[in-house]
Structures are given as structure tokens and as C-alpha cells.
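Residue numbers (the UniProt record's numbering), protein chains in the order written: chain D, 1 to 269; chain R, 1 to 269.
Be careful, since some hints might not be right.
You can't tell identical chains apart in this list, so a pair holds if it fits in one copy or across any two.
To be verified - Only pairs whose alpha carbons sit at most 25 Å apart, straight line, appear in this in silico SDA-like list of lysine to any residue:
#, residue 1, residue 2
1, K13, V105
2, K106, C119
3, K177, E211
4, K166, Y153
5, K141, E224
6, K99, D260
7, K141, T207
8, K99, I200
9, K101, L258
10, K191, L60
11, K254, L60
12, K106, L45
13, K13, T39
14, K267, P185
15, K177, Q227
16, K25, A44
17, K99, A65
These aren't lab readings, by the way, just hints derived from the structure by calculation.
Only a predicted model underlies this, so the values are computations on that prediction, with no experimental measurement involved.
There are 2 protein chains.
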Amino acid sequence: MFFLIGLGLGDCKDITVKGLEIIRKCDKVYLESYTSILTCGVQALEEFYGKELTVADRDLVEQGADEILGEAKESDVALLVVGDPFGATTHTDLILRAKEKHIEVKCIHNASILSAVGCCGLQLYSFGETVSIPFWSDTWKPDSFFEKICNNYRNNLHTLCLLDIKVKEPTLESMTKKKKVYMDPRFMSVKEAAIQLLEILKSSDSTVIDEKCLCIGLARVGSETQQIVACSLSKMASVDLGEPLHSLIVVGPKLHPLEDEYLQQFKIV
Amino acid sequence: MFFLIGLGLGDCKDITVKGLEIIRKCDKVYLESYTSILTCGVQALEEFYGKELTVADRDLVEQGADEILGEAKESDVALLVVGDPFGATTHTDLILRAKEKHIEVKCIHNASILSAVGCCGLQLYSFGETVSIPFWSDTWKPDSFFEKICNNYRNNLHTLCLLDIKVKEPTLESMTKKKKVYMDPRFMSVKEAAIQLLEILKSSDSTVIDEKCLCIGLARVGSETQQIVACSLSKMASVDLGEPLHSLIVVGPKLHPLEDEYLQQFKIV
Chain D
1 MFFLIGLGLG DCKDITVKGL EIIRKCDKVY LESYTSILTC GVQALEEFYG KELTVADRDL
61 VEQGADEILG EAKESDVALL VVGDPFGATT HTDLILRAKE KHIEVKCIHN ASILSAVGCC
121 GLQLYSFGET VSIPFWSDTW KPDSFFEKIC NNYRNNLHTL CLLDIKVKEP TLESMTKKKK
181 VYMDPRFMSV KEAAIQLLEI LKSSDSTVID EKCLCIGLAR VGSETQQIVA CSLSKMASVD
241 LGEPLHSLIV VGPKLHPLED EYLQQFKIV
Chain R
1 MFFLIGLGLG DCKDITVKGL EIIRKCDKVY LESYTSILTC GVQALEEFYG KELTVADRDL
61 VEQGADEILG EAKESDVALL VVGDPFGATT HTDLILRAKE KHIEVKCIHN ASILSAVGCC
121 GLQLYSFGET VSIPFWSDTW KPDSFFEKIC NNYRNNLHTL CLLDIKVKEP TLESMTKKKK
181 VYMDPRFMSV KEAAIQLLEI LKSSDSTVID EKCLCIGLAR VGSETQQIVA CSLSKMASVD
241 LGEPLHSLIV VGPKLHPLED EYLQQFKIV
């Protein structure tokens with residue numbers, strides 16, 4: 001059987017009781033390591049679960065899916081995923097591949113940033129489409145997320161911006177070589193995201209949002225060191241929220257009084 | 001200290017390890033019982049937690065907040081909430097009231113229908129604004145959610161429709177009386193929701209969605225008896241998914257190939 005188990009957002013104790021019982025019974029346990037991370041390290045997880053974990057990078061999950069699922073045909077295999085198992089397309093794809101091979105699949109849900117973001121006091125029902133902000137390179141500066149943020153804003157909705165993660169990405173030079181060289185992991189900060197948004201604003205003639213629009217920066221949601229700040233977009237470009245993961249919210253134009261009252265505790269000028 | 005603890009969506013073992021440890025240490029534990037329900041009963045929860053639970057209805061949480069928070073000033077009090085603690089406005093309000101009284105608050109996140117709904121294979125990033133569909137009465141038939149569904153659809157986004165719950169609602173006749181008489185609990189089914197949507201369509205001149213649009217009905221997400229069906233809106237009006245809770249998705253006009261492939265397993269004609 002193949003289990004996809006959500007780990008939640010904070011540390012080892014954010015797993016559900018059901019999820020933990022399954023891990024302890026499984027023959028092999030993988031930890032998906034490239035769509036998100038927990039604030040605690042792999043070793044802390046292994047000690048708490050009492051199980052050895054095999055760290056699964058993108059190559060293993062995407063190209064090595066047959067290997068993982070082959071094992072799941074004969075024995076009980078779990079893939080652990082930060083947040084909820086359905087947060088990333090790649091996991092949905094894995095379930096489909098398992099069903100094709102007639103392998104039974106069971107998913108254990110957990111907290112996802114998509115709902116945990118409610119901790120800033122904004123109503124989850126007042127969010128529009130979620131967007132992803134990718135790292136820019138010198139030659140590749142996609143900005144399609146900007147139009148989505150504007151569209152949400154026009155509809156009086158907040159936008160949750162998920163910020164890019166680059167884990168075990170091969171260097172450009174080694175892409176075509178046999179022996180890949182990997183870059184250091186990178187996690188986009190709210191500061192970097194705000195700077196990219198301001199750069200788009202400068203070259204855009206959009207009048208929907210401007211540098212004064214209210215934003216919320218969130219870091220390490222659900223962990224002991226969680227941090228939340230609310231300020232203008234231009235101010236956010238100089239905010240340092242420390243260690244990853246970060247998320248950014250572009251707040252809609254009209255706040256519900258309760259949202260406004262709740263946000264006061266996070267405001268900086 | 002005041003703890004708000006998410007219970008997730010299925011049964012007693014969907015609580016996180018962290019949440020369970022806190023419950024077992026608390027002096028008093030309330031179970032919020034009117035914004036959502038678990039498929040297992042209160043007794044199963046009490047046995048698993050090894051704690052007596054005080055069922056908290058709307059009156060107690062909203063009018064009795066001072067009482068609950070007064071206890072939290074002197075001792076450790078937990079309020080257990082199905083899903084994630086930030087799923088309902090009333091809990092955010094409670095945190096604000098606690099902070100006013102200088103009571104420390106800690107929230108333990110868990111799975112929410114807003115992200116667990118990914119189990120149907122639709123990408124969570126392709127959902128627009130979430131709507132609530134309320135029970136209609138003979139004299140009160142609000143339909144503002146319909147325009148939001150159409151707006152999402154126009155933007156090529158799916159809509160998650162949360163379906164109404166009526167728990168411990170006083171009868172109209174007893175509203176003004178001292179001794180309130182309560183109605184039986186009601187939970188809107190996907191069938192009832194589809195019928196209401198079809199009724200709105202009949203009297204609307206909207207051409208955005210019609211009775212042939214693809215919908216997904218979900219029941220008891222995250223539990224052992226979870227059920228998912230995908231069919232047209234008109235077909236959904238005759239689908240019986242059994243026990244609550246139900247949710248309905250109005251699918252956007254264009255599916256990603258992976259979404260389409262995943263949905264095939266749930267299709268009925």
C-alpha cells in the first residue's frame with residue numbers, strides 16, 4: 001500500500017496521530033524534500049518517528065516514481081509531505097500512477113499554508129486565486145502572477161503569494177553534463193518578493209495596486225518562531241523575517257472590521 | 001493560557017500529536033459544535049483523549065466567551081475546533097477578546113476543507129473565492145454566492161461551495177420566548193445545494209454557467225467513508241452521498257490535463 005502523509009507546517013509533533021501510527025508500521029518511509037521544508041531537520045523527524053527516512057528529491061519523486069511504487073506493490077511505503085499531500089501537483093500525479101498499477105493509496109491530510117494563513121486574521125473566504133512568485137534570473141523574469149493579484153484586488157479579494165523554493169537545482173553549466181553540480185538551496189523571502197513586485201509596478205501602467213498597498217509578510221507559519229508583519233509594499237521591501245519559509249499576502253482594498261482590528265497587532269510603519 | 005486546537009476532518013486520530021499532548025494537560029476542554037462536525041461522536045473523542053469534553057454551542061462560544069476566557073486566565077483551557085482554528089470568523093474574534101484580556105493564546109493548525117478538497121484532483125491554485133450556500137426558507141432566498149461562482153468561472157477558476165449547517169437553532173416561534181425550543185440539526189447535502197443552484201439558474205439570465213456545467217460532490221472528506229462524484233449540475237440534483245458533511249465544487253471551464261485525468265475515476269453519467 002502507498003501512503004501519502006501530510007506533516008503539517010511546524011515541527012515533528014505536527015503530524016497527526018493517524019499519520020504517526022502509519023509511519024511506524026511502514027516498511028519504507030520517504031521524505032519529500034523539494035516542494036517545502038519543515039523548520040526542524042530530518043534527524044529530529046527520524047528520532048521522533050523512530051524510523052529511518054529516505055530523503056526524496058525531485059529526481060527521485062518524478063523520475064524514480066516507478067521504483068517507489070514498485071516497493072509499494074509488495075510492502076507498505078509512505079511518502080511524507082510538508083503541509084497537505086494535495087498541495088503540489090506532483091503528488092496528485094503520483095497517486096494516478098499508483099492507481100494505474102493497481103496499488104491502493106491512502107492520504108492523510110494535514111494543515112496547509114493555504115488555510116493556516118488565516119492566522120494573520122484575514123478571512124479565508126476573502127482570498128482569491130493563490131499565486132506563486134518565482135525567482136527571477138537575469139534573462140527570465142515572468143510576471144503573470146501580477147495580473148492575477150490585480151484581478152483579485154479588483155474583486156476586493158486578498159492574494160496569497162507562495163514564494164519560490166529552489167532545492168537541489170543543478171547549475172546551468174552542469175545541466176548537460178553527466179555529473180550534475182547542485183546550487184545551494186534558496187528560499188525566497190518576503191523582502192525579495194516585495195522587491196520583484198515593486199520592479200513590475202515600475203514598468204507597468206497598472207493603476208490597480210501601487211507601492212502603498214497593504215501587504216502581510218509571514219514567516220515559519222505554525223512553528224514556535226512564527227512571525228507576521230503588516231505594512232505597505234514599499235516598506236516590505238526592507239523587512240527581514242529571518243529563516244524560511246516565507247509567504248506574502250497582498251491585502252484586498254476593503255477590510256472587514258474584524259480583519260482590520262486583528263491586523264493592528266502586526267502593523268509596522 | 002487559551003489553546004485553539006484544530007481537529008482535522010475525519011475521526012479522533014486526525015488530531016496532531018502536539019494538539020493531543022496539549023489537550024491531555026489542559027484543565028478544561030471545550031468542543032466547538034456548531035460550525036462543523038466530525039464523523040465520530042463526542043464519546044469517541046473523550047475516550048481517545050482521556051478527557052471530559054464540554055460541548056460548546058453558539059450561545060456558549062459567542063455569549064459565554066467571557067466565561068471561557070475567564071477560566072483561561074487562571075488555568076489552561078482548550079477549545080477544540082473541527083478543521084483548522086481559523087476556518088471560522090468566530091474563532092478569530094475569540095483570539096482578539098483573549099488578547100484584550102492579556103491571556104496568552106496558542107493555535108494548533110490542522111487540515112481544513114479549504115485545502116483537503118484537493119483530494120478530488122483539482123489544483124488548489126485554480127480555485128477562486130470560496131462561497132457559502134445557505135439554507136433557504138420560504139421567505140429568505142439569498143443568492144449572492146451565485147454571482148461569485150460565475151465570476152470565478154469567467155476567470156477560469158473552480159469554486160468551492162461550503163454548505164450550510166444548522167445546529168441547535170431555535171425555532172422561529174420560540175425565538176422571543178424565555179424557553180427556547182431547538183430544531184433538529186440540519187446539514188445541507190450536495191443534492192440540496194444543486195437544486196438551489198438550478199432554481200437560481202432558472203430565474204437568472206446569466207449565460208456564464210448552465211445546468212450542464214461540471215460539478216463535484218464531496219462527502220465526509222478525510223474520513224474512511226469519504227465519497228466523491230463528478231457529474232453535471234443537473235445530475236448532481238439527484239445524487240445521494242449519504243451522511244454529512246458535504247461540499248460542492250463548481251468546476252471551472254478549462255481543466256488542466258492532469259485534473260481531467262484524475263477526475264475520470266469519480267465521473268458518473
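Of all the hints numbered above, which does this structure not satisfy? Sort the numbers upward. Result: hints 3, 4, 5, 8, 10, 11, 14 and 15 break, sorted rising.
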